[in-house]
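Q: Sequence:
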Amino acid sequence: MKYLKHFIAWVALISLVLFFTGCKVQNTPQAAIEAYLKALVAKDVTQAVNASCAEWEEQALAEGAAFEGVTVKLEGLACRVMDSEEESSVYVVCDGKFVYSYAGGEKMESDLTGRVFLAKQEGNRWRMCGYPLATNSQ
Numbered sequence: 187m188k189y190l191k192h193f194i195a196w197v198a199l200i201s202l203v204l205f206f207t208g209c210k211v212q213n214t215p216q217a218a219i220e221a222y223l224k225a226l227v228a229k230d231v232t233q234a235v236n237a238s239c240a241e242w243e244e245q246a247l248a249e250g251a252a253f254e255g256v257t258v259k260l261e262g263l264a265c266r267v268m269d270s271e272e273e274s275s276v277y278v279v280c281d282g283k284f285v286y287s288y289a290g291g292e293k294m295e296s297d298l299t300g301r302v303f304l305a306k307q308e309g310n311r312w313r314m315c316g317y318p319l320a321t322n323s324q
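Going by the working numbering, the letters in the sequence shown line up with residues 187 to 324, in that order.
Treat the hints as calculated values from the structure; they're not laboratory data.
Warning: the hint list may mix true and false statements.
[Said to hold, decoys possible] Pairs of lysine-lysine, DSS-like flavour, derived with a Cα cap of 30 angstroms:
#	residue 1	residue 2
1	K283	K259
2	K293	K259
3	K224	K293
4	K224	K283
5	K229	K293
6	K293	K283
7	K259	K229
8	K259	K224
9	K283	K229
[Stated by the list, open to error] Okay, the calculated beta carbon distance ranges per label pair:
#	residue 1	residue 2	range
10	K293	T214	19 to 25 angstroms
11	A251	E272	17 to 23 angstroms
12	V267	A289	16 to 22 angstroms
13	G309	A289	36 to 42 angstroms
14	E292	Q212	31 to 37 angstroms
Each residue gets a CB set at the ideal place from its N, CA and C atoms; glycine is no exception.
Work out the full structure, taking the sequences as your base and the hints as a guide.
A: Written out as structure tokens, the structure is:
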């Protein structure tokens, strides 16, 4: 019986450690961009603004409003940092696409491939800060 109590205590401790490790928010440039895009798709304007740098907050509100009334999902999202010598701002490129439709109509897609995002460190966190290089023709 003594061993069973120790075993249960260890399992509980390991479970808690794994749970809290999984809850840790990643503070990387690519995670900031992914959080911003996911917030837009979830129609969570507050979270989109929170994922944005101060100079992008107004645009985040506008982009969030543009997703109202649209059925949208994000497929295949994977972002990575481009080579950068800067430490407080970097360019991030993503693969994936938005799949959306208006009022249940025809599905349309907007490819993210080639779109360059700017991530800046602000307040000790990486944040979405715009689209400085328009390389995607869509």
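Q: I'd like to know which numbered hints this structure contradicts. Please list them from smallest to largest.
A: Checked against the structure, the hints that fail are numbers 10, 11, 12, while the rest are satisfied.
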